[in-house]
Every structure is written in C-alpha cells, then in structure tokens.
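Participant: Numbering of the sequence shown is given in our numbering, commencing with residue 72 and proceeding in unit increments.
Just so you know, these hints were derived from the structure itself, not from any lab.
Hints may contain errors.
[Stated by the list, open to error] Cβ-Cβ distance ranges computed for the label pairs, FRET-style: (1) Ala482 x Phe291: 36 to 46 Å; (2) Ala106 x Thr298: 28 to 38 Å; (3) Gly475 x Glu258: 46 to 56 Å.
Cβ atoms here follow ideal geometry from the backbone N, Cα and C, with glycine treated the same way.
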Amino acid sequence: MTPAGARLVRLAERHAAEAAREAERHDREGRYVEAGMQAMRDSGFLGGCAPPRFGGIGARSLHDLMVAVSRLARGCASTAICAHMHLTGVWRRTALWEAAAGNGAPDAGEHAELLRLLASGDLLAAGAAGEPGGVWCAPFTEAVPVTGGYLVTGAKTFVTNAEAADTISVTVRVPGRDGVYRHGVAEVVPGQPGVTVGTGFDALGMRGSGSQDLRLEGCFVPERRLTLGDPVGVPTAEELTHTATANFALAGVGLGIAESARALAVEHARTARRPPAPGALAEQPAVHQEVAEMDIGLLAMRGALSHAGRAMDETIGDGTRIPAPAAIWALTADWQSAKLLVNRTAAEITRRAMAVCGGRAFLARSPLARLYRDVTAGTFMQPLAALDAAPFIGRVGLGLDPFGAEREALAALGRTPGRGAP
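Produce the entire structure from the sequences given, and follow the hints as far as they go.
Facilitator: Listed below in structure tokens is the structure:
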C-alpha cells in the first residue's frame, strides 16, 4: 500500500529465502533462530517501522506490516513471529514518540533514545502479555509502587524472543491508593535481579521462536520505565487500539504457512506419479479438487486480511489517535474475524497439501509436517483465542456491548468498570 511498505516486503522475501534453508534444523533442535534475527538486524529489516531519522524504513502501514510478516512466514514461521514481536515494538515506540513530541511532553527524549536503539537493532525487543490461566485483558502480574519505581512480581508464558531479548515489555496491573488497579507496561531487562527467563522451549510447533516462560520476583523497574494506562476491568478504546496494533500483523503468519504448504503440494503433484494411473499426479481429478480448494482458501484469507489491514490503517493510522469505542469495537471484530478465518483455513490448506503429498508428509522430517505443527499455534494465540473470538464478533454484529458480561459482573460486585482486582 505504501512505498516504505513495499521496501519492507522486498526485504522480507529476501530473508524468507535465507530462513527457509535453516528452518528444518531449528525445528528439529528446538533452537532459537538467532542467525536469521541477526541478518534482519544487519539489513535494517527489524528497524523497518521506525522513521528514517532514526535509521528506519518508515513503514507505518499495519496492512503492509502484515504482508511483510506473511512473506517472511513462507520461509520460516518461527522467524516470522520473532521478527513480528520486535517490529511491533518499534511501531509502538514510534507512535509514543510522535505523540510525545507533538505534545511537547518531557518523555519525548526518552522515547527517542529507545527508538534509536530498537531501530538499529542494538536492542532486541520482546513482549510478555500471556499468563498461565490468565485473561488477556486483566493481568495478574503486579507492579507495586515503591520509592523511585515499582517492584514487579508475576509469571508470563510464551514470551517470543525471550531468550535473546535485551528488553521485555511486560503487561502488569498497578494498585492505587484508592483500591483501583490500573493497567501498565513495564520494561524489564533479562539478567537483572528478579528476572528469570526459562530454558528449553519444547513445544509442538514454532520451535525456533525462543518463546520461553518468564518469572518476575520483586524485579525493580524505574518509574520512567513503566507506562500507566486505564483502570483494569472493561477494556477501553485505548487498550483495544494498542492490542490491535501489537497483534494484527501476526495473522499474516498463517497465510504464509498456507502459501508454503500449497507450493510444496503443487511441486510434488507436478513431478510425482501414482501407478497404475498414467502421467503425473497433477493430472488426477482428485488433485485438481484439492488444489482448487486450497486456492479458494488462499483467496479468502488474502481478501480478509487485506480488508482488515486497510480498515486498520484508516481507523488507527499512525497510532497517535484513539478511535471512539464503537469504531474500535467494529475494527476489533473485523481483524478478529480475519484472524479466526486464517487460523481455520490455513490449517485446512495444510491438511489438504499433506493429502496430496501422501504418507511422506507424515514423517517428522517433512517440511509439511513442520508447517502442520506450526499452523496449529494460531488457534491458541491471544488475543483472541478460538473460544473467545466468536462471542466477541457475534455480540458486535448484533449491536451489543461486547463487554456486557464483564460490566454486569462488576456491577454485581458493587464496582464500577475498572475498579477492584481483575
């Protein structure tokens, strides 16, 4: 959609080809995609969402960022989600800097300093939001105010890039004197006292992503390194906006996986034979049907993601403005619909590709086996996971408050939205 986005996509395609050569080894060994991340630092890809004045490409279109992530996932899904984690951190920091600079806020210089480091690749970013048994919009990890800052305690899970990150943005709740918890994002540094990054990430798929667990035990965070948000309770328009910008492009990973699976199936069908039928496998009507269904699914995914990406750019823009609640509810329903469709369809396309390739696709060393395991991760990726997305989409479609149940629960407890513990 934009010249800067096109440049980012070209770099993504180059890195996808490089990552593809190492994808099988990283999957087999469960080893972090360190070399690929270093290559993307060196090329400037990881700083792509920063303004040129900070050494970036200036890619601000979330639609284009999604396309770049999908291209990278064609080569290696683990590399794609690792790059996405850093890229969205740069995107968000750019928005914070632009808003602060535009308002003459005193922390504009702080944002600029971090942005230069993130754009250059001198700092690798990770984000920690998910928690065991937690709810995406109500963290249990707590930042208790103390002199000069906060002490953070809690546990996070599936923290992509954790084992290599220089800085981790941790979602927290911050207790106030009035008994109201507020959302916050604390910047912690691996290796500092009270921070423990897990080892031996051993998951079904995305095995090269380094998505370790994170434990925080009284970790001190200076006041300037924690950004306070709205009260905890019912997600606000600002929270939903930040959630969208941090997560939408990740849906492109499923599209890239499906495109790669389809390519492998077509290549196999054109060259393989299945006696006693004459000719290549590609001449058989059953294969025609499978490929047609794959192509229909790819068209649906591309259309849904493109529609949602355009809506994202129109509604949120560069991230310096917050849409009205009704607008962000509609936008969230749009991108959640696209994400849910991609999660379902990408898995179906990968299964169809395996059917075309036959038993060899079931072997652990098969690229299709890796793609099949990687694609299942989309079902669990918050926000929103499969069990949560449809109710949200349905309520918005019916013109209902998508957080009506949460408001009723708070009212039954005698609390206004945002008050009390989550």
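Participant: Each of the hints needs a verdict: does it hold here or not?
Facilitator: Each hint tested on the structure:
Between alanine 482 and phenylalanine 291 the Cβ separation comes to about 37 Å, which falls inside the hinted range of 36 to 46 Å. The hint said 28 to 38 Å for the Cβ distance between alanine 106 and threonine 298, and at roughly 33 Å that hint holds. Checked against the hint of 46 to 56 Å, the C-beta distance between glycine 475 and glutamate 258 comes to roughly 34 Å, which is inconsistent with it.
Violation of the numbered hints given earlier is confined to hint 3; every other hint is satisfied by the structure.
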